[in-house]
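S.K.: From first to last, the protein sequence lines stand for chains D and V. So the first sequence is numbered by the numbering used here: it starts at -2 and just counts up by one. So the second sequence is numbered by the numbering used here: it starts at -2 and just counts up by one.
Possibly wrong hints are sitting among the right ones.
As the list claims (entries may be wrong) - Stretches of chain D that chain V covers, calculated by requiring three or more beta carbons in the stretch to come under 8 angstroms of a beta carbon on chain V:
#1 64 to 78
#2 151 to 160
#3 173 to 183
#4 214 to 224
Said to hold, decoys possible - Derived DSSO-like pairs: lysine-lysine, alpha-carbon spacing no greater than 30 angstroms straight-line:
#5 D:Lys108 - D:Lys221
#6 D:Lys149 - V:Lys40
#7 V:Lys128 - V:Lys221
#8 V:Lys202 - D:Lys40
#9 V:Lys221 - D:Lys128
#10 D:Lys(-1) - V:Lys128
#11 V:Lys202 - D:Lys128
#12 V:Lys(-1) - D:Lys128
#13 D:Lys108 - D:Lys(-1)
#14 V:Lys235 - V:Lys202
#15 V:Lys202 - V:Lys(-1)
#16 V:Lys108 - V:Lys123
#17 D:Lys235 - D:Lys221
#18 V:Lys40 - V:Lys235
#19 V:Lys123 - D:Lys40
#20 D:Lys149 - V:Lys128
Derived from the structure by calculation, the hints contain no laboratory data. From the three backbone atoms N, C-alpha and C, an ideal C-beta is built for every residue, glycine too.
Number of protein chains: 2
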Amino acid sequence: MKETLNIIKVGGPVVEEESSLQSLLMSFSRIRGNKILVHGGGKIATALADRLGIETQMISGRRITSAEMLKVVTMVYGGLVNKNVVARLQALGVNAVGLTGADMNLILSVKRPAELVNFGFVGDVKYVNVKALEHLIAAGAVPVLAPLTHDKEGNMLNTNADTIASSVAQAMASRFDVTLTFCSSTPGVLRDMSDPSSVIPVITKNDFEALVGSGVISEGMIPKLQNAFDAIAAGVSKVVITSPSALSGGTSVQANPESDD
Amino acid sequence: MKETLNIIKVGGPVVEEESSLQSLLMSFSRIRGNKILVHGGGKIATALADRLGIETQMISGRRITSAEMLKVVTMVYGGLVNKNVVARLQALGVNAVGLTGADMNLILSVKRPAELVNFGFVGDVKYVNVKALEHLIAAGAVPVLAPLTHDKEGNMLNTNADTIASSVAQAMASRFDVTLTFCSSTPGVLRDMSDPSSVIPVITKNDFEALVGSGVISEGMIPKLQNAFDAIAAGVSKVVITSPSALSGGTSVQANPESDD
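Only chain D is shown next, with the shape it has when bound in the complex (with noise of 0.2 angstroms):
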């Protein structure tokens, strides 16, 4: 039987703001097993690059990361998120090592065509370490994802949170019982987008499309419930969407039951 590996992607917005870091940290550290944090930090790059001059362009909630961009979300991601994280799960007797897809080439990237749009130093993950990853939690260190990838020509590249995660998960169900948990700032993919309490608690491939179709769920949740079902496609156990607090509840995320996905 695999083992069982818990990878949780937590965005800018908990990140962000003091105290739902901190209850996403003391959630992440009473996880029991193998498991990795990806973290995002937009909105801190976002605040960065304005207050040095760099203009902020977003298409399609995708950052389009220019030559000055990329260095600012190398050291916000990188720099700043990723170390105040694992000097925080240090603190809490979690053993943290803060990792972007360069390290021990990790997450292997191409640069995204520039085709309708040119996003910039934008990179497409093309390969995920399954062996340096699985040696790391082996010797009982606890990855924290930052979402930077390099392209092994010498450049780093931005890459979106939810993709690395999604990615990772993907390629660790070789090996691992892999559960995705999408840590985000309402407790589930909600009925009624006022109503915190309204949480859809399982949502199928065929709930999906009804969900969309009648306009229950839209903009940003589909791409991540797309990416949700790519990735139980793909031999992930279990997908979750929820809040920090608890990193329990929430829409889980399953395949049709009578489907070979």
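Chain D is already provided as a structure; the job is to place chain V on it using the hints.
M.R.: Okay, now just chain V, sitting in the frame of chain D:
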């Protein structure tokens, strides 16, 4: 017989200039066997602080690290410089992993007490995690260390890169035959600062005292050499001061021939 371990410390001026950085990384990539790179980055931190309107204050060559400055050095040392060095070493076929003292609790420090001078968030090294570094090296990884430590209470601390290199070298000497190389913009300790060919090939402790007495060795070179003699006294096999292009030649720092150091 102990395995060899080369620890190379590369200062700010070398990291900050494209040509000397590339030269250093090429030389470093050609070193066979176990190796660790320790880097600085002070000038880049000062430049970023300037752009953010944060004043840089130095006392005896050491940075006063306010809460705001701690964010700057965490971004620059732990993010920008560290990850760019790692990505470029990966491109040169070196399996680099960029780390601070917080990662895997590699280097634990205590905040320097505010006595004559309040240095702020500056850490004095208390402990180097030899086992964790050994483990990484055994896995074929090449640690790239940023000059940052932590206090195990959730705080990052700023720590001088020479001190990091020297502390790591001393601790690792229990398990490895360690050569510690300080790589600076001069080709070694010079008899005449204006003549790069006047490198003093060997300096013993007695020579050092005489050269300080006669004024040949002065200013920043005094603590650097003191550091080197401390390392030798603590079991480091060899300390070298040289330039980045060769990582050989330069000045070899040695105990007195008759000494028990």
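S.K.: Indicate, hint by hint, whether the structure satisfies it.
M.R.: Verification of the hints:
1. Beta-carbon proximity to chain V at under 8 angstroms applies to 8 residues in the region 64 to 78 of chain D; the threshold of 3 is reached and the given coverage holds.
2. Note: the region 151 to 160 of chain D has 3 residues with beta-carbon separation from chain V under 8 angstroms; the three-residue rule is met and the coverage holds.
3. With a cut-off of 8 angstroms between beta carbons, the region 173 to 183 of chain D has 0 residues touching chain V; three or more are needed, and the interface restraint is violated.
4. Proximity of the region 214 to 224 of chain D to chain V, defined as three or more residues with a beta carbon under 8 angstroms from a beta carbon of that chain, is not established by the 0 residues found.
5. Simply put, D:Lys108 and D:Lys221 have alpha-carbon atoms about 22 angstroms apart, close enough for the 30 angstroms limit, and the pair holds.
6. With a C-alpha separation of about 27 angstroms, the suggested pair D:Lys149 and V:Lys40 falls inside the 30 angstroms cut-off, and the hint holds.
7. Note on V:Lys128 and V:Lys221: the hinted pairing holds, with a Cα-Cα distance of about 27 angstroms set against a maximum of 30 angstroms.
8. Our distance criterion of 30 angstroms between C-alpha atoms is broken by V:Lys202 and D:Lys40, whose separation comes to about 53 angstroms.
9. About 40 angstroms separates the Cα atoms of V:Lys221 and D:Lys128, which puts this hinted pair outside 30 angstroms; it is violated.
10. Between D:Lys(-1) and V:Lys128 the alpha-carbon distance is near 28 angstroms, which keeps this suggested pair within the 30 angstroms criterion.
11. Pair hint V:Lys202 plus D:Lys128 does not hold up; C-alpha atoms about 47 angstroms apart against a cutoff of 30 angstroms.
12. Distance check on the hinted pair: V:Lys(-1) and D:Lys128 sit about 28 angstroms apart at the alpha-carbon level, within 30 angstroms; holds.
13. Straight-line distance between C-alpha atoms of D:Lys108 and D:Lys(-1) comes to about 34 angstroms, which puts the hinted pair past the 30 angstroms bound.
14. Annotation: proposed proximity of V:Lys235 to V:Lys202 holds, straight-line Cα distance about 13 angstroms (limit 30 angstroms).
15. Taking the CA atoms of V:Lys202 and V:Lys(-1), the gap is about 26 angstroms. The hint holds against a cut of 30 angstroms.
16. For the hint pairing V:Lys108 with V:Lys123, the CA-to-CA distance comes to about 10 angstroms; that is within 30 angstroms, so the pair holds.
17. The hinted pair formed by D:Lys235 and D:Lys221 meets the criterion: a straight-line CA distance of about 14 angstroms does not exceed 30 angstroms.
18. Restraint check for V:Lys40 and V:Lys235: the C-alpha separation of about 29 angstroms stays at or below 30 angstroms, so the hint holds.
19. In summary, the hint linking V:Lys123 to D:Lys40 is not supported, as the alpha carbons are separated by about 35 angstroms, beyond the 30 angstroms threshold.
20. Restraint check for D:Lys149 and V:Lys128: the C-alpha separation of about 29 angstroms stays at or below 30 angstroms, so the hint holds.
Violation of the numbered hints given earlier is confined to hints 3, 4, 8, 9, 11, 13, 19; the remaining hints are satisfied by the structure.
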